[in-house]
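Chemist: Residue-level listing of the chains:
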Amino acid sequence: MFNKILIANRGEIAVRVIRACREMGIGTVAVYSEVDRAALHVRLADEAYLIGPAPSPQSYLRIDRIIETAKLAGARAIHPGYGFLSENAEFAMRCEEEGLVFIGPSSHAIRAVGGKTAGRSLASAAGVPVVPGTTRDLTDQEVVQAVREIGLPVVIKASAGGGGKGMRIVSTEAMLPGAIRATRSEASAAFGNPAIYVERYLGAARHIEIQVMADTRGNVVYLGERECSLQRRHQKVIEESPSDFVDLELRCRMGEAAVRLAKAVGYTNAGTMEFLVDPSRNFYFLEMNTRLQVEHPITEMVTGLDLVKEQIRVAAGEALSVRQDEIQLRGHAIECRIYAEDPFNNFMPSPGRIRALRTPGGPGLRIESAIYEGCEVPIHYDPLISKLVAWGRDREEAMERIRRALSEYVVLGVTTNIPFHRQVLNLPQFVAGEINTETLESWLAKGLTSDNGAFADIALIAGALYLHTRKRATTSPMGQGGQGDSAWKLAGRQDGLRRR
Amino acid sequence: MFNKILIANRGEIAVRVIRACREMGIGTVAVYSEVDRAALHVRLADEAYLIGPAPSPQSYLRIDRIIETAKLAGARAIHPGYGFLSENAEFAMRCEEEGLVFIGPSSHAIRAVGGKTAGRSLASAAGVPVVPGTTRDLTDQEVVQAVREIGLPVVIKASAGGGGKGMRIVSTEAMLPGAIRATRSEASAAFGNPAIYVERYLGAARHIEIQVMADTRGNVVYLGERECSLQRRHQKVIEESPSDFVDLELRCRMGEAAVRLAKAVGYTNAGTMEFLVDPSRNFYFLEMNTRLQVEHPITEMVTGLDLVKEQIRVAAGEALSVRQDEIQLRGHAIECRIYAEDPFNNFMPSPGRIRALRTPGGPGLRIESAIYEGCEVPIHYDPLISKLVAWGRDREEAMERIRRALSEYVVLGVTTNIPFHRQVLNLPQFVAGEINTETLESWLAKGLTSDNGAFADIALIAGALYLHTRKRATTSPMGQGGQGDSAWKLAGRQDGLRRR
Amino acid sequence: MIYSAGLHGRLHRLMVKGRGSPVPVQINGKSYEVDFTAADGSLLSLLVMGRSYEADVVEEADGVLTVWVEGETYRIEYQEEGRRPRRGVGLTGHGAGGRQVITAPMPGKVVAVLVSPAQEVTAGQGVIVIEAMKMENELKASRPGVIKEIKVQEGSAVGGGDVLMVIE
Amino acid sequence: MIYSAGLHGRLHRLMVKGRGSPVPVQINGKSYEVDFTAADGSLLSLLVMGRSYEADVVEEADGVLTVWVEGETYRIEYQEEGRRPRRGVGLTGHGAGGRQVITAPMPGKVVAVLVSPAQEVTAGQGVIVIEAMKMENELKASRPGVIKEIKVQEGSAVGGGDVLMVIE
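Chains as they are written, first to last, in numbering that gives the first Met the number 0: chain A, 0 to 499; chain B, 0 to 499; chain C, 0 to 167; chain D, 0 to 167.
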């Protein structure tokens, strides 16, 4: 087993990997950009090294710096997390060349199935149905031509994309130039690769994915499915496992297709096959993500496995710790992605300093977070600040639990999508389990309102008492401003004294 | 189902019950003493009412006030938590008389088995082996006489006791008067009942308990066992489920004995039969706790059931949600009780204000806590401030996880036993699973040392930088004292500015 | 003490009597008895007729508070009675004039300017694209108008609240 | 800046040079380059030769700090060089005199006084019982001696740190 692992990532996923390593007794090496000096992954790691300025091309995407740091620190392996370099075949290859273990598939496998166009060809060859579209990267002109052949609506997709970034649905030809530009630009920024391709847009289907794990000894298992249909701008918002649309028969068919594809390319480590499933339960391969997914915790909660530990063991040459017939799904898990964004202002990103943080506790919850009171949420990276995951004996209990947890979750200083999640969790279609990839967008198209007003009197009272108490506490004229926190504390202490 | 439940308790268990109610859509009514005005259970409940001054006999033990408050608030049922009035038959009876539902067994059942002496007689009658001792409450003189008959060593126990309080092991006759006085005094303070009895002390056995749940329709199930041998002063410190000493055959035998006893008294709701198990796997009934246990979360984690919800459903007349053959144990769970006490100063209680709190996160954890940054841990109540629970696929993973979680858990302002837990978790006997009720005490008898010193240089540097930075930040002479927090924050901000 | 408080474009009158807790509070003539205590930092625990509430209060500017209650956000402007009123207490953001000022909702980079000076725009038309946190965000005109002024260009770094464009 | 720091009964000499981060620090002649930043409240993140540490610092009294590092607690008394030393820097609690002062380790109530004035006690003998947080706690003599003075009686309420008894 490795004595030390470098985590080439930041945020909640870096913290997640550090925790797995710590449980396995493996040393951890963090890397960080200048704005992340006080980030949680730096605080929790055993070692931490600066690798460059805030913009990710100058830090978290710097293959040379990261490999150099691994060698300097004596780390034998690198975990790439998700995003950044996690699906970068060149990075995996450079690790291989430098004698470092890349905790993920081989560079060969990434090239073979990770490039989305390549993955589509391979899936077809392995007898897995795919969504109609192009099977190679295209120039702008070729995109226009391809769209004419395939017919509108289409999706323009980044070949190196993932995590919902670098995608645009195009329903009129006029939208095409802007969509091409925006997709290429996002793809460059997020994945360092502007290549794009075109797929027919299937409309109201379900987005369901299969988690696979493969070791280097030829064992491949699938770990059930994840229902990821609730998306906004192709970004998953809420995921659940299992999907109540998937029965045992469909689960086996999809799982076996996924395993077939993994075996066809000699795939190792964790991977996810994304599918669209139409109302008649036909499924179409979309793409394979050759890394850990953001939403892996829901699979962990229903299977009881720790996927990051499994990744590390497999990368170290060990066999998978489970056989297919030992994998049992228990209960139901739901994940809400907490973003620093303003749901009532077109989901604008909201970077800033966390002024107050109250995290839910109690049974059946899991919180994957990289924020803490006082920390900065920088503008330079993904706005995902936390994942709230709830497990229940059944879907109903999981829903009740995550609703309860959301009601306890307070993040102040940056605006978050917590109020949005609270509304989505009461959406009748979601409660009934009748969802597809258009559910959220069509609901949002009606306009999201904040429901504000129910507690107006309480808010008015609280504000007045704040001013009233501060006045008493400081005996300075109202409106000296900015000393809010201390005013409360002072008043609280005075109150305490008075009561004794 | 009830529309509203009053929780006649405080601390983490009140919060636990509130969360269950919230998930079930049931309104919650908190009660609080004067020092608990800002306690978490008051903050989280839908409603909250003051019931008296800090000392529990004037507040949390005031049956009249609590019943009056339930009626005032329109709560149809009362959850007593553990401790306080939870095993008080009179309270259960008063609820019954007033038309309120006591969420627990009937007052009749509490009287029949809850009184420890009565429980012992009944267990014998039901064919469950018991520890030799007296079967009724005794006067001081009768105790002395009983001890002479039974032979030393003995345990003096509070008849109304529980939670490890109100017990003294006596190995010499000279210790007897002090032990009697102390036990009666603790029993009065904690349970409002000074009655005591005597049991033979069995020595190095395991303390293993069986959780049962019974509905009002005659269904009784057992939910596996909990290993609670790690005790200090008869107070459980770390519990786990399952016990790796208990095989399927012993689990069935103990479970069936527990169910037999429950059925013999027409028991309903949650209950726990405590047993001593000797090295030859003979088990002896100790007592029955006619309420939810502190350590119920480990059972919840391995069975997937929510015991508080089950309690509420059963109290509302519903049937149990599981049959015995549906109950499956999955993985392994361990609980560390976090106390506000100083392990390196004879475990002295350490009340005070929480100055900083950093709670662990990530996979497989559950935190049941009632503390928050800024809150007061009052002197008047039990020093249990939090329970840290970890689940793993097997015992080894659960151990690794709770060790990792303890390393992330920071509570400042009050002294806690977290460093003690960290040492216990590395105790070779515990790692090997070879534990009994004397393991902790005999290890502690060698003297607990704090291991301090490994980070002395870092501590010296941190302190010097604190002073150095504050000096820079305030340009006031060193040693103005007391403004530590703001000095850091100020320095941090200046630092941030300087770097931009 | 008497306060005027502007919320959602309406003015409310509040009276707080005395110094202790519980304290009598009147809102627009309606009376409450409020038991309150500071829990920590910005957090206040309130008991109003037995109901328990948590409120977080942060002062954004002189007398302007953001108050969070049960997951909802309220921005309230307070004015102590007897003091000179500030301009437009409580009515910010609710005017209906013809002039639209497009401001940056967060710090970021201008990726594309989609219009030119003097160009006519329709309601909902995208006028500028800002990149922040790896996502592109298109800002739209809320009403029809004519582009009066463009203060930034592609590639400009902008701060949160910076004026980017004026439409009349 | 140069500091004397008393810890575990030993004096340490620290030198901190300059103002930025990373900052050179010497302890007893050993040099470190320390990258540090305040995370929040009492929390400091330190990087020392690549190793990451978290330290919480709280000032208990003038120059007396409690520092927590990786679950361990250090009480350190600092003295800035060139300033008049305080009495007994760093050596509190480590004297070996014959006088024992029994103080209340926490606020509570005296449940029982187990000795009388002039009584001889042995090392480890219980002298007084305090109840706090529903548990009785017996305080013991750490060395043999004679009870000199008893300042409380059964039923007394005591504060943390109050002197209960003196043994000589």
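These are calculated hints, taken from the structure and not from any lab test.
Incorrect hints may have been included.
[Stated by the list, open to error] Partner residues are not named here, just some residues of chain A that face chain B (Cβ under 10 Å, in silico):
1. M92
2. E96
3. A117
4. L121
5. S123
6. A125
7. E299
[To be verified] Subject to a maximum C-alpha distance of 27 Å in a straight line, what follows is the list of computed DSSO-like cross-link-like pairs (lysine-lysine):
8. D:K139 <-> D:K108
9. D:K139 <-> B:K445
10. C:K16 <-> C:K29
11. C:K150 <-> C:K133
12. C:K139 <-> A:K445
13. C:K147 <-> C:K108
All C-beta atoms in this analysis are idealised placements derived from N, C-alpha and C, irrespective of residue type, glycine included.
Chemist: If a hint holds in the structure, say so; if it doesn't, say that too.
Modeler: Results of checking the hints against the structure:
Proximity of M92 of chain A to chain B is violated relative to the hint, the smallest CB-CB distance being about 31 Å (cut-off 10 Å). Taking 10 Å as the C-beta cut-off, the interface hint given for E96 of chain A is violated, the closest approach to chain B being about 33 Å. The closest approach between the C-beta of A117 of chain A and any C-beta of chain B is roughly 33 Å, which is over the 10 Å cut-off, so the hint fails. About 32 Å separates the beta-carbon of L121 of chain A from the nearest beta-carbon of chain B, more than 10 Å, and the hint is not met.
Given hint, S123 of chain A at the interface with chain B, is violated; its Cβ is 36 Å from that chain's nearest Cβ, farther than 10 Å. Nearest Cβ of chain B to the Cβ of A125 of chain A: about 32 Å, over the 10 Å cut. The hint is violated. For E299 of chain A, the interface hint holds, the least distance from its beta-carbon to any beta-carbon of chain B being 6 Å, beneath 10 Å. With a CA separation close to 16 Å, the supplied pair K139 of chain D and K108 of chain D stays within the 27 Å bound.
Annotation: proposed proximity of K139 of chain D to K445 of chain B holds, straight-line Cα distance about 17 Å (limit 27 Å). This hinted pair checks out: K16 of chain C and K29 of chain C have alpha carbons roughly 13 Å apart, not beyond 27 Å. For the proposed pair K150 of chain C and K133 of chain C, the alpha carbon gap of about 23 Å is at most 27 Å, so the pair holds. Annotation: proposed proximity of K139 of chain C to K445 of chain A holds, straight-line Cα distance about 17 Å (limit 27 Å).
The suggested pairing of K147 of chain C with K108 of chain C holds, with an alpha-carbon distance near 21 Å, which does not exceed 27 Å.
Hint check: violations occur at hints 1, 2, 3, 4, 5, 6; the rest are consistent with the structure.
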